[in-house]
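If you read the sequences in order, they're chains A, B, C and D.
Taking my numbering as reference, the numbering of the first sequence is continuous, increasing by one, and the terminal residue is 1292.
Taking my numbering as reference, the numbering of the second sequence is continuous, increasing by one, and the terminal residue is 525.
Taking my numbering as reference, the numbering of the third sequence is continuous, increasing by one, and the terminal residue is 311.
Taking my numbering as reference, the numbering of the fourth sequence is continuous, increasing by one, and the terminal residue is 325.
Source of the hints: derived by calculation from the structure; they are not laboratory data.
No more than 30 Å apart at the CA atoms, straight line, and that leaves these computed lysine-lysine pairs for DSS-like:
#1 A/1100 / D/321
#2 C/297 / B/278
#3 A/1103 / D/66
#4 D/81 / D/20
#5 A/1288 / B/75
#6 B/8 / B/122
#7 A/980 / D/66
#8 B/276 / C/297
#9 A/980 / D/26
#10 D/313 / D/183
#11 D/81 / A/980
#12 B/124 / C/301
#13 B/8 / B/124
#14 B/8 / C/308
#15 C/297 / B/483
#16 D/321 / A/1103
#17 B/83 / C/301
#18 D/271 / D/115
#19 C/308 / A/1285
#20 C/308 / B/75
#21 A/1284 / B/30
#22 B/205 / C/308
#23 A/1147 / B/427
#24 D/321 / D/302
#25 D/26 / D/115
#26 D/278 / A/1103
#27 A/1288 / C/308
#28 D/66 / D/26
#29 D/278 / A/1100
#30 B/30 / B/230
#31 C/301 / B/87
Listed next, the stretches of chain A that the computed footprint assigns to chain C, with coverage defined by at least 3 CB atoms under 8 Å from CB atoms of chain C:
#32 963-976
#33 1066-1074
#34 1090-1099
#35 1214-1226
#36 1270-1277
Keep in mind the model is a prediction, meaning the values are calculated, not measured.
Backbone N, C-alpha and C define an ideal beta-carbon position, used for all residues, glycine too.
Okay, here's what each chain looks like letter by letter:
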Amino acid sequence: MGKRIGASTRDLIITNLVAIVAGLVLSGFLLLFLDINPIQVYSSAIKTLFTDRYMAAEVFLKATPFIFTALAFAFTYKANLFNIGAQGQFYLGSVAAVSVSLLLDGKIPTAILLVVVFAATLLAGGLMGAGIGFLKARYNANEFLTSMMSTYVALAFMNYLLRTVLKETKGEYPQTDALSEAAWIPRIVPGTRLHLGFVIAVITAILIWVFLYKTPLGFRIRAIGSNARAGELAGINSRRIFVIAFLISGALAGAAGFTEVNGVQRMLIQDFNPDLGSAGIGIAILANANPIGIIFASILFGAISVIGTMMGRMPGINVPPSIVSIIQGSVMLFVIAAYYVRAMIGIRRDKKRLKREEA
Amino acid sequence: MREEIKGNWSEIEIRNVSKYFARVVANKDVNFTIRKGEVLALLGENGAGKSTIMKILYGLYQADEGSILFDGKEERIANPKDAMKFGIGMIQQHFSLVYAHTVTENVILGAMRGVIPYAKAKEEVESLASRYGFDVDADALVGDLDVGVQQKVEIIKALFKQTTLLIMDEPTAVLTPQEADQLMEFVRQFVADGHAVVFITHKMKEVMEVADRIIVMRDGRISGDLRKEDTNEAELSRLMIGRDIVAPAKVDFEGSDHERSGLVVKNLSLAQGKVKLLDDISFHLRPGEVLGIAGVSGNGQEELCETICGIRAFDSGSVVLDGVDLSELSLRERIEQGVGYVPVDRHRDAMIGSMSLAENIYLKFSTDGDWNRRGLIDTNNLRQKTLESIEDFDIRAPGPDAPAGNLSGGNQQKLILSREMRLAKKLLILNQPTRGLDLGAINNIHSTVLKARAEGLPVLLISTELSEIFALSDRIAVMYKGRFMGIFSPRELNTEHIGLLMAGIVPDDMSHVAGEEIRAEVV
Amino acid sequence: MNVAVGILARALTMSTPLLYGSLSEVVAERSGMMVTAIEGIFLIGAWGGFVGTYLWGSALYGILLAMGLGMVIAAIYAFVTVTMRQHQVVTGTALNILVAGLCTYFQRVLFGIPTSPLKIDRLPQLPVPLLSEIPVLGEVFFNQNILTYIMYAIIPIIYFVLYRTSAGLAIRSTGENPVASDVAGINVNFVRYATVLFSGLMGGVAGAFYSIGFLGMFTAGIIGGRGWIAFAICFLGNWHPFGAVVGTLVFGLAESISIYMQSLGSAGFLPNEFFIALPYILTIVLTVSRRSFKVPAKLGIPYVKEGG
Amino acid sequence: DKSKDSGEKPDESAPAGDKAAADYKIVLILPGPINDQSWNATNYAGLVACNEQLGTNIEYVENVKSSDYESTFREYAERKYDLVMAAGTQFDEPAAAVAPNYPDTTFCVVNGSKADGNNVAPIFPKEYEASYLASVIAGNVSENGNFATIGGFPNEPMEKLLSVYEKHAVEIATERGIADAKATRAYANSWDDVALGKQMAAQMIDNGADTLFVYANEVGLGSIEAAKEKGAKFIGFSSDQNSVAPETVVASVVFDFETFYVWAVDQYVKGTLSGNKVHEAGIKEGIFKPVYGPDISDEVKTAVETAIDDYKAGKTDLSKYFDE
Ligand SMILES: Nc1ncnc2c1ncn2[C@@H]1O[C@H](COP(=O)(O)OP(=O)(O)OP(=O)(O)O)[C@@H](O)[C@H]1O
Ligand SMILES: Nc1ncnc2c1ncn2[C@@H]1O[C@H](COP(=O)(O)OP(=O)(O)OP(=O)(O)O)[C@@H](O)[C@H]1O
Ligand SMILES: [Mg+2]
Ligand SMILES: [Mg+2]
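Full structure from sequences and hints, please.
So this is what it looks like as structure tokens:
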């Protein structure tokens, strides 16, 4: 038995590595169409990643919101629900972050302010999530659709606020005033942009793991997710689980608003981080929806995005930015395929053993 | 348009076929012959590999080794389409019907090409049905039909494709004895027309009744290939099981001297639209007593269990357990009160295959303070309790952390029973607890039921297996269309009586018995 | 009057690609396959339509290329979800990201960095003689381009195939109970590949409608979530071709009215953003208020034939 | 002029003017892909013009996301770039945040309007001057005096330029004797939804407009299609849109970003692109150029010429057209 677990962990690592490399190779191959030498750009970008502290820190900076949106998707996924509206919940979280920060900064100490802002983002995202969960619980509304549509509504709502009450005092552009330094999340590595939000994200991921696997409520969420009817017959109220799971999921996505607004952007502007939601889905899948795995998968996606950025800045080469989507999409696709390959390897191994025993 | 069929072979030989699933050898070196004009019975315990070998013949699975020969000529059957070309039809163990479609649509599925002449197809379906005396409405939605009728739809489906070899995988499992007799009649008639039938079952009686030849399987291998005239039930049983089984002994119920009053159900009714799912049911189940409920499945047994457990609400009547009115309690509160329930479909209703044994035990205790510590699951304690269950119930499993889905059906059932026994302080409800299990597991579960009874627990036992009902029950009720046909002492009943009652007919010689018994029950 | 006719005509025009998309989604979902790559298929269709027309000078080539590329994406999707039995939502997400990158990337590979848009001739408006003279209706229904007219034909054809032929029965049964199909000698994977590829073909045309039929150019934001709208309409239309038609028209109309309100500028009494969000709010409301959905029983569930 | 500027504000970052143009490390930061066929492509063309005409070696980085504005500025400043340009007002804040730490680098936001710092030197095309020229054409070519405008998103420069256009066009139409001349404005709330641009414009034409003016990047491309289909007139803006639909786009007012960029970078090389100041360019600097289609009469062309001359001579005050 122990041996088999060893083998399957090895399969997991090897197949996923192969998948990631395959994604990079495929994307690199496309660079040849623009007469760009993929080996050269990859190696120089990766080298910078290991030598330039600022760029290395950027990887973790990028990973921070990914961790939150990936957790958001993974959390409902555990309850066999689909929250594909993390983008919208993130927007509402951002609106909450910027509003509360602007309202309170300078009035209360930074530490308290940040706690309040963090709570506000959890609440904003969480309420939106809970609304989707409620529609599912009460009206059996397909959460896949409602969460998808809700993102567009949240976006319109954010744009409305940016154009009206949240508009900068200068009144020129649909964006808010910049937050004062008192509302910034402290940086943790001097000379880089990396801020405490990353640590918060990692801790959150660990807490979510503990919650899912070690607490009764987490257990009930997984139970409903694995076999809703059996869970219900065991006395678990699945409707309540829908609402709770979506509430937490939404809160997690909202938290990304906190790290992005108070940690990175320090203001809210239109068309802000438009790909966090879909990247979160990819990362969650890459990590098999495991909260701890999400930390690493997010760092990988952070690295892909930083590598893409660096490749786009190489003087005289300027790899087109679309390469980032291509790398992300193909890595995701290969990782998905790796699930199948692993299952096949497992079956084949079992069968071989069986035939050997039989003979 | 219809497909051409070339079903004029006279024998099929299955030669040295082996089939490996990832962790199971389903078939190993299987050899036998199927002949036209013969009923071949395939007998074996659960997991013996009966379905698998026939699915290989039907093209649903591919054999890892071996070959299939038609009149000595090897042929490849890559999919059911190939099988159909040879006139092979198969009725699956679990029906393969589309519930949302009509009978006609189900019958013609895969049998016609191009634009479908619905009116003509319907006529054909009706004429086939009447030829074999089946009462089936061609326009009905299959999902609305009784299982017995669904069975007939499956047969018509096969006949429509001009089947010359009909494989029936445990066809009687859901039928009343009378319906089963009708089916046997059909089988004889069909074979008399020069066709062949393979009849899969684990019921010895049916084998002796209908088979010409019997193949016995055990652990994926052939353990016997016999003519019916040359064998008997004892020999078959030995070939099938390979070891001796001692049935648990049972003492007669002597009334209870417990202070608790048990379960009192009065005038319980539940309707869905115009259909009465439960029709004025009353009984009193005393502590330490087993009340067996016989009947064809789908006659309200599941609804009865579920209303008592709180999974569904009922329309009128009352359910009182030890003086507590259950209708005021939620499902969860009833579990906390000590109502244990083993539902009929364990995969759907009772366990979570992807979770571990321990988590499956915990499933019904997640709100119980004794199982949690400081807001977290008390894992040490849970592990301990799971090990106890494994020990006490003889669950064959790698350990408490193995996924429950990897256990065999019997062991899964023992796991569930161990959990329900743990929580059943006041009442245990069992809905077909041994369905599809092999004799070893059945025996184990029967012992557990009798132990619960001895400990003074009231036990409501639902089963379609009459032998089980008779072996365990202190009293027997027969359910038909949501109604109790009466509550009887096992001594008052014989199989023929019960068969008629299950079909909704009160036998002339016992109508007064039934009436008295019911009246006596209403407290 | 003129304004109303315009609103209706535009609603119908904008409904055309949505209907191609939602009808194809109906067919695929009836076989159990949600084509969640639809957004990407639309996009690559728009791109292929543009490229084919631009490079080879004829809209016909554009449409053919759009169909071909749509089917390529659909084939990848089917391979991963049917053969590899992986999750449909997740696979679609990956493909949509990938396609977005690929279209932008190859647009640059092929056309470099033009400052003003590369234009192609739009499909002409083809007023149907006589019919287009009918007041209001004529202008709305019979002064459209060829893709819209083809759509008129496709609606009854899809209905007929789905409900009157053996192929349709096989598709519907496969979505309800693949085991029944399998046992009846129908190749479940074949059916699912076929419907997904059909979806790719139709989705490709839908995408091409935006570039060739409507705008005469390609930009990266050309689809902007409209694939998802088609996807949603399939749900709202209860997985029925006629339901999809009604759903599409309702949606097209909502969008058209929303644009009308926005076009009034400051005259609108509600904020612009409300009208922008209106179609999405409407979808949510419909999802909630719709009492009984007839979801194909095995929608989104891979068919495992032999298991381990 | 040069000495006067630097005399007033001693400016360390302003280059001494002794290096060759090719030796300056200059980068242009773009918020979108350079092949977007609109804003980014236009700016990119300015870069190419500088490299060709001034001999500079300007690099670029494209598609920079808002969360990376600041880090991108910082990165190039760290790498000791002399001039960091960025295309779009949205770069104002991040430039202001980064600039104080890197006094040796000059930050130049194109379309920027925030100039706090010795090394912050935004350049700003007075777009409302361009829309003023457009309004001269529109006011004269409209038949019914019903003008429609569409903006990408509402913001102050956008509102200003649309106001100037609308009010002046209506004014001319009224002078021409169209009593009920009017203008309607809508916002697409998008820069890139082409299909939306087309639908919206079609709706506005149905509502009665006969002359369209759209400033919303790709959205405008869709609007041209609508005008073409419905036979309305379209005044092209920012780029030469006449070629897109020669019959429909009767004229364009082109932002000559090549001239604009060369003008700005040349100032930098000469040492006159000083900080603490918004370097505005407009009609006077010759960065707005009318391009006429075949249907524009000579009278209209003359009217535009007169408007340009009057403006240069300081005879025109556009602030009266601004909304308060
Ligand atoms: N698709 C499958 N994947 C993996 N294992 C399977 C599969 N189908 C059957 N098995 C296993 O193969 C063995 C033989 O199964 P089979 O269904 O043929 O038994 P059976 O004799 O029909 O039993 P029953 O009486 O329960 O129907 C069992 O151990 C079963 O678990
Ligand atoms: N169709 C299938 N696909 C995958 N695994 C299967 C399948 N059928 C059975 N198995 C697996 O085979 C193993 C043995 O179960 P098996 O079917 O032999 O139990 P059983 O005693 O026949 O009970 P049941 O009453 O459920 O048929 C389990 O791990 C089960 O999950
Ligand atoms: Mg079995
Ligand atoms: Mg079987």
